[in-house]
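S.K.: Residue strings, one per chain:
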Amino acid sequence: MRDAYIVGAGQSPYGSFPDETYRTLFRTAVEHAVDSVEDGIDLDEVDEAYVGTLGVGGRQLGLPGPAVTEHVGIHGVPVTRTENACAASGTAVRQAVMAVRAGMADVVLAGGVEVMTDLSGDAVRYWLGVSGETEWERLSGTTFAGVYAQMASAHMREYGTTKEHLSHVAVKNHDNGAKNPKAQLGFTCTLEDAVNAPTVAEPLTLYHCCPTTDGAAATLVVSEDVVEEYTDDPVSVAGVGAASDRVGLFQRDTYTAIPASQKAAEQAYEEAGVTPDDLDFAEVHDCFSIAELLAYEDLGFCEPGGSGPYVESGATRPDGELPVNTSGGLKSKGHPIGATGAGQIVEAFDQLTGRAGDRQLENPRLGLTHNVGGSGGAAVVHVLERTGVAR
Amino acid sequence: MRGILAVGAYAPKSRVSADAFAEAWGSFDAPGIETKAVPDADEDTLTIGIEAARRALEATGDEVAGTDIAHLSFATTTPPLAEEDLTARLGSFLEIPDDATRRTHTGSTCVGIDALVDALGTDGRALVIAADSPRGEPDDARENAAGAGGVAFLVGSDAPATVSERVDHASPRPGTRFRRAGRTTVEGLEVGTYDRAAYVEPVTAVVDAIESIDPKTDPDAVALQAPNGGLPYRATGPAGLDESAVAAVETVSELGDTGATSVPLSIARAFKTDAQRTLAIAWGSGGGTTALVLDGRAPVVADLESDGEIDYPAYLRRRGDVVGSKPDGGAAHVSVPTFRRSLPQRHRHVAGRCPDCASLAFPPEGACPTCGELIDFDPVTLPLNGEIRAVTTIGQGGAPPEFAEQQARQGEFGVAIVRFEAAGTVDLPMQVIDDADVGDSITAVPRMIYVEEGVPRYGLKALPS
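Line order of the protein sequences matches chains W and D. The opening residue of the first sequence carries number 1 in our numbering; numbering runs sequentially from there. The opening residue of the second sequence carries number 1 in our numbering; numbering runs sequentially from there.
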């Protein structure tokens with residue numbers, strides 16, 4: 001099995017862009033990805049593509065993959081659209097890694113796109129609810145805010161996690177996002193702002209919930225056989241893991257953890273031969289603040305139930321022992337559903353290659369990305385390593 | 001002798017007061033009414049009827065179950081659908097056998113008693129469900145009076161309450177209280193003397209026709225149709241009835257005009273006193289009357305208590321009069337055939353037990369979530385009481401569009417994961433009526449979930465116990 005490397009990654013700004021389409025956003029992301037390749041790349045060299053998108057709004061539900069690749073001039077190659085709700089493009093990247101490792105392709109474009117803000121409020125709420133368990137969970141009256149809020153209620157009951165703990169996540173991610181020119185909500189907020197914001201689904205307030213976002217992200221995954229054509233300082237996919245679980249929260253074995261995240265992380269750590277202590281940073285799936293707290297526990301950054309005190313200690317701030325979501329996370333950077341997973345890879349790539357601007361950490365060599373679908377029906381974890389640096 | 005074995009009664013918990021109306025309109029046009037019962041946005045006569053039916057069965061000490069019923073009637077002037085045999089769904093909630101006789105009675109406020117009379121003429125155990133929720137235009141006198149409630153009579157042999165005499169009377173009285181086809185509101189012409197005569201004369205005529213007792217002195221209680229709280233006392237004089245026997249069992253002053261349920265509610269109230277003989281007089285506009293002489297009493301489980309008053313704007317919102325347009329984004333697509341397939345789960349929480357590992361699953365389909373085997377589950381009906389394991393309250397903007405109208409009419413609602421126990425445990429998602437915390441106990445109650453493609457979907461929601 002051959003090794004896979006990320007030689008380029010780029011994204012469009014995340015936000016609300018009425019003048020853009022899912023195609024034009026994808027083009028912007030691909031152009032940035034191409035620009036980020038150290039020694040340059042021509043899109044003719046792309047053998048295959050994976051495109052993650054949910055299709056919010058019902059636009060282009062069929063064949064959105066070829067629709068965007070042909071738009072950027074990638075013509076005739078095998079293209080697959082991947083869908084795992086919010087883990088769509090994390091899944092796309094994993095598929096690219098699989099294709100490369102299996103020897104079926106040398107250069108694979110893996111990315112995602114979503115347009116969410118050109119719909120009425122009602123239509124958005126309709127589409128925000130399609131990735132839960134429709135027949136039972138949704139018909140009890142909830143979209144994702146409600147499902148994650150239920151997890152929060154169980155976590156608070158079992159471990160004494162507080163609304164303040166949730167709010168620390170919002171404060172940190174907004175501080176980080178304020179330094180990200182691509183972020184949708186690039187403004188800071190205080191703990192009081194977050195605690196006292198209007199309630200969306202008790203205990204989650206507006207500041208505990210990610211926005212709806214338009215955006216695209218793209219990565220270029222290549223094989224060990226060709227990586228030297230593109231860079232002398234590659235980022236390797238040291239480990240990847242993925243798992244699934246029952247779609248409805250009520251069907252799972254626990255309400256205070258996301259087992260699919262745990263399994264995906266275990267696989268990725270094992271393949272990379274690392275533990276959470278080895279990580280220099282992580283981009284985790286904070287669709288709601290509680291999701292980031294659960295991620296700390298599921299990914300082994302702290303013990304089960306300890307995520308509240310952990311975030312409160314500042315450990316996951318940029319100057320802490322394990323910076324989490326230097327990009328601003330889904331909360332501040334934004335969450336264009338199909339693009340998010342690939343966008344996390346973009347931040348990881350930028351950090352590892354020194355491209356992270358005001359958010360740059362000091363010489364990171366090992367990072368993790370964590371992308372969850374729905375409330376935990378799917379999860380994908382990548383461990384990326386700057387291979388030029390000694391371990 | 002065949003008669004009434006048990007009675008269940010239920011009224012929606014909210015009340016709005018005559019004072020609140022008077023403050024809004026400058027007057028209140030329904031005499032003798034202090035408060036009216038106001039259904040929740042997700043209650044209708046089907047769900048109210050089921051609540052009454054459950055209580056009737058409970059009144060037998062759970063000796064009679066839905067599976068024992070041979071005849072089911074549903075009587076109301078306000079069915080949720082003008083055409084569709086709702087007794088099929090009613091029966092599904094109550095586990096009434098497929099081969100039970102079914103009847104629907106509608107079109108007049110005397111149908112609750114009509115249905116009871118018909119059931120007394122059948123064989124086997126009969127369940128007669130009367131539920132009503134009249135409506136008028138916001139400034140109409142009938143709307144001022146309109147309330148809501150439900151009563152179920154369990155009918156069978158060797159009954160403690162029997163009918164010893166029945167008399168009927170009908171004569172035409174057009175234009176007194178009527179509802180046009182295609183409308184949801186009842187109206188009248190306000191021809192004062194004519195309207196009053198339309199009530200007083202048929203009541204008097206039917207009371208005059210009673211032979212076996214002296215209507216003035218013999219009844220301990222008189223269950224008299226009450227379109228408002230004043231009209232009955234217009235008739236007591238001319239008909240020769242004891243006013244205090246009417247007042248003793250009236251429900252109109254607290255629940256409002258309960259249409260086809262009006263006389264059944266007063267019968268239930270009479271059975272809760274030590275009345276030995278009750279005279280019941282039902283009236284339907286148009287019009288006709290039926291009088292029943294009831295001997296004895298049957299056990300009653302009644303839940304007519306209020307949990308608080310709402311103000312007039314909240315009442316208007318609850319009725320749906322001032323709610324905005326239908327949400328734009330469509331509703332969760334659960335097709336009618338798929339929904340139908342899940343009715344035992346929706347209506348009765350039928351779960352499944354794995355034949356291999358004996359674990360419970362809900363819904364009972366697919367691989368066993370515990371052992372993973374692709375088996376066929378054995379059906380297990382879960383108890384009505386469960387415990388909340390995770391919960392949230394959905395605020396504005398957090399609800400899927402199919403619940404937007406409910407949210408506009410009634411405000412925020414809860415969503416929980418509830419654990420039920422039946423030699424093992426199983427969790428399932430439920431909407432919560434009112435506030436609740438993790439660890440709270442709940443009871444599963446029938447409610448309307450949402451309407452898709454014009455078809456109302458019913459299920460069970462969680463009411464904190």
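Just so you know, the hints here were simulated from the structure itself, not pulled from any lab data. Note that the structure is predicted; figures quoted are calculated from it, not measured. Be aware that one or more of the hints could be misleading.
[As the list claims (entries may be wrong)] From the derived model, a few chain W residues whose C-beta atoms are all more than 10 angstroms from chain D: (1) Val77; (2) Glu137; (3) Ser140; (4) Thr188; (5) Glu202; (6) Pro211; (7) Asp225; (8) Arg246; (9) Phe250; (10) Ala257; (11) Asp319.
[As the list claims (entries may be wrong)] EDC-like, lysine to aspartate or glutamate: derived pairs with alpha carbons at most 20 angstroms apart: (12) D/Lys216 with D/Asp295; (13) W/Lys163 with D/Asp437; (14) W/Lys163 with D/Asp295; (15) D/Lys216 with D/Glu190.
[As the list claims (entries may be wrong)] Examples of chain D residues lying across from chain W (beta carbon under 10 angstroms, computed): (16) Arg173; (17) Gln396; (18) Ala416.
Idealized CB from N, CA, C, for every residue including glycine.
S.K.: Hint by hint, say whether it matches the structure.
M.R.: We went through each hint and held it up to the structure:
1. Val77: holds, 34 angstroms
2. Glu137: Check fails; 5 angstroms does not lie beyond 10 angstroms.
3. Ser140: violated, 4 angstroms
4. Thr188: Check passes; 23 angstroms lies beyond 10 angstroms.
5. Glu202: Non-interface label fails for W/Glu202: nearest chain D Cβ at 4 angstroms, not farther than 10 angstroms.
6. Pro211: With a cut-off of 10 angstroms, W/Pro211 remains clear of chain D, as the shortest Cβ separation is near 12 angstroms.
7. Asp225: holds, 40 angstroms
8. Arg246: violated, 7 angstroms
9. Phe250: violated, 5 angstroms
10. Ala257: At about 13 angstroms from chain D, W/Ala257 clears the 10 angstroms cut-off, so the statement holds.
11. Asp319: About 34 angstroms separates W/Asp319 from the closest Cβ of chain D, which puts it past 10 angstroms; holds.
12. D/Lys216 with D/Asp295: It holds: about 16 angstroms lies between the C-alpha atoms, which stays within 20 angstroms.
13. W/Lys163 with D/Asp437: holds, 16 angstroms
14. W/Lys163 with D/Asp295: violated, 62 angstroms
15. D/Lys216 with D/Glu190: Roughly 30 angstroms separates the two Cα atoms, so the pair is violated.
16. Arg173: violated, 46 angstroms
17. Gln396: holds, 8 angstroms
18. Ala416: Because about 7 angstroms separates D/Ala416 from the closest Cβ in chain W, which is inside the 10 angstroms limit, the hint holds.
Hints 2, 3, 5, 8, 9, 14, 15 and 16 from the list above are not met by this structure, while the remaining hints are.
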